[in-house]
Amino acid sequence: MRVYRKNRTVFYFRTLILLVFPLLFFYGCGIQIGHEPDFPRQGEKITFNVRVKKFSKAEYAKVWINGDETLINQSPQKIYFDTCKFQTGKYYTKLNVKGEVKYNNGKIKDQDYTLDLTTGWADREDTAQTYSIFVAHDNDSDFETMLDEAAAEFVDRFSAYSKSLFTWASPGYFTTGIGQGRDLLIFLGHGNHHKYKAGSHNSDWVDLSTVAFGDFSICDMYTDVEYLVLFSCDTLCMDNYSGVTPFGELWFNNHNNRLQKRPFMGVHEILGFNHFWTITETCFLACSDDGDDFWGAFADYLDGGTCVRLAWLWAIMDELSIEVGENEGVVFYLLEYENDSVYDTKNDYIHGNPKYDGMGYVNYIVVN
Amino acid sequence: MKKQFILILIILILYPMAINADLVLSDKDQKEIKEILNKPVNSYQLDIKKKADIFKKIDAWIGQQGDWSGKGVKQIKRDEYLLRRLVTRKNSPILPGADMPDGIVPKVPFGMIALQSDAKRIFYKELTIPTSKKMANDKVEERGRTFIERNGFCLQTEIDKIMRTRFLLLQRQKIMEQGVQPRAKTLSQEVIFVREIDGLEVFNSKQVVSVHPDSEEILAYRSLNWTPIDNDSAKIPAYFDFKEVIEKIKKAYEKSPYTFEIKKIQLGLYQAKNIIFPALKICVNPIIEENANKPPLKNLVISLAKDLNIDFGESDPKSRIEKSP
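Sequence lines, in order, name chains A and B. As numbered in this note's numbering, the first sequence has no gaps in its residue numbers, which increase by one up to the final residue, 390. As numbered in this note's numbering, the second sequence has no gaps in its residue numbers, which increase by one up to the final residue, 360.
Bound-form chain A, shown alone (with noise of 0.2 Å):
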């Protein structure tokens, strides 16, 4: 009886030997590929540690980045991919990566996954929620009074983000990281179809679509920017004049102008006027302006938790004069913040993400 136990027990210990090596031999085989950063987006560079098990009974490991293919040498080992569309000429929103290694006794193991690069930074990338406004320099120092007390009405009543710069308008602001860590960029100056003019010198017009302000921005340099003000003539211009580009056109990412930059990476909404604006000053005991109380009932319904679209349509239709080509209001936006307020958080996104395509609307007051 003894015996036959003992049989039974070196039995089960064969059987749980052969039932296991296998497991424990093919625990101990593989490629595994990890990517830095966690979750890259367009523009960035993207390092994948790449890590054979047994590399040294392996016949042979290869990793396939969207098809292109790079030998393993050894393990661990890094492969660089730049995803920068003005490096590699091409504009990746997604990223296919298979890895896989044979071994010597003939078994294979593979590893795969898609990167989603369309899929951007969430609403802040830190917890502080910020906003700066600029006002661009003028030869007209009445306009360019008027500009600052208007701004300087906005910093006095906004309060739902902290404010961290108020100061001049520079050309230099659309082409650097002014907006790194913003969610909320103002710009006020004056304006023309998809233009900017950030100074007083004919110098410093900025042409927006040649720039762009979301955090897919430009290769390596992110800008984060949410919310886009342009208080300026013309700037979103929605016309379609022969030669000029229409403002809504420059959020798409056609094969013509993919590989340019675009004021739509990333950004949720870009707020403005169609074409001119017009602001009423008042001379009794002293001068103000409508534009004065346009910006205090702007500030007011953002931070009441107004949707953005209607916080500044709202604003102009009750405080400023609306005639035919004067003060009317526009609002670019994708449909997923079309509700949105200055407090909801939602990642960004670009072309090639289905909350992007074809889900650009714009709002606008016009003079029936």
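Hints may be right or wrong, so weigh each one.
As the list claims (entries may be wrong) - The calculated lysine-lysine pairs, modelled on BS3-like cross-linking and capped at a C-alpha distance of 30 Å, are: (1) B:Lys125 to A:Lys368; (2) A:Lys377 to B:Lys142; (3) B:Lys106 to A:Lys185; (4) B:Lys106 to A:Lys368; (5) B:Lys168 to A:Lys377; (6) B:Lys112 to A:Lys185; (7) B:Lys209 to A:Lys368; (8) B:Lys125 to A:Lys377; (9) B:Lys109 to A:Lys368; (10) B:Lys69 to B:Lys196.
Hints are computed from structural coordinates only; laboratory data are not their basis.
Given the coordinates of chain A, work out where chain B should sit on it, guided by the hints.
Okay, now just chain B, sitting in the frame of chain A:
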């Protein structure tokens, strides 16, 4: 030496003229201003008690639109105003007539905004449901007028009444690629009631009603600087003289690099905190080359009355721009 001195003197005189802009006041413009200054216009004290009665009605009506005392109500209280916002799922349509269709049934919670200040009452529903329908302007006006009159939100008298109406559309359009222009849908239609006293427009008074063209319900109502007047307080104030008025107008544009011409001169009234007084509105156009960039326009409203005790309320604090980084 003497010649050089004269030359420098001429340059010094001409230099400011060269950099300063001008406002071109034609003979016709000057004649029009002179005629206006010869036209006596009454100023009126505001009737604060009647205003309180009307605002009480508006506040009571806004109070019925939702539970403003609930936990979900956000309040912003500052010295001069109170702004409240509540989020609700239930839309109780505001229908001025009994023969109206059903209101909008929201699929998601929506916000309502109520703002109270010394001279304003504002109520908005954040319901922006796009529709292909559009109401005729006269129908929008009728809805708005019925709403205001039935609720007693606007005290009209023989001399103080709704003068005319203006109409706006709030539209939504899908952004399509070049060449494809989808039809715009309407979010709301706005009727603006402009005020007249003694046949003259009050520049800063208006009442606005927003109507949804599909359900025909009222989505928003705003009473902006429309305070009843004390009819017995009519008084013709002393005017500034022609020279003083011209000086004021010129001064408003003198620092601009552009030259302006007058587009429109309008005699009207302006409501301050305590009084309504005669004022002059100037709309201008810049004189620029055909393809040059047009500057933003600054229209001007100046008081014609002097020696009146006008209260413009607390002036807003003006923080100045910081130095560039």
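With a cut-off of 30 Å on the C-alpha distance, tell me whether lysine 106 of chain B and lysine 185 of chain A pass.
holds (29 Å)
If you draw a straight line from the CA of lysine 209 of chain B to the CA of lysine 368 of chain A, is it 30 Å or shorter?
holds (21 Å)
Is lysine 125 of chain B within 30 Å of lysine 377 of chain A, Cα to Cα?
holds (28 Å)
Below or equal to 30 Å on CA atoms is what counts here, so check lysine 109 of chain B against lysine 368 of chain A.
At roughly 21 Å apart (the allowed maximum being 30 Å), lysine 368 of chain A and lysine 109 of chain B satisfy the hint.
Given hint lysine 196 of chain B paired with lysine 69 of chain B - CA-CA distance at most 30 Å
holds (27 Å)
Holds or violated: lysine 377 of chain A and lysine 142 of chain B, Cα atoms, limit 30 Å.
holds (20 Å)
Decide if the proposed pair is consistent with the structure: lysine 168 of chain B and lysine 377 of chain A, CA atoms, cutoff 30 Å inclusive.
At roughly 27 Å apart (the allowed maximum being 30 Å), lysine 377 of chain A and lysine 168 of chain B satisfy the hint.
Can you confirm whether the C-alpha distance between lysine 112 of chain B and lysine 185 of chain A stays at or below 30 Å?
Given that 30 Å is the threshold and the Cα spacing comes to 20 Å, the pair holds.
Does lysine 368 of chain A sit within 30 Å of lysine 106 of chain B, going by the straight-line distance between their CA atoms?
holds (25 Å)
Take a quick look at whether lysine 125 of chain B and lysine 368 of chain A sit within 30 Å of each other, Cα to Cα.
holds (26 Å)
In summary, this structure violates none of the numbered hints.
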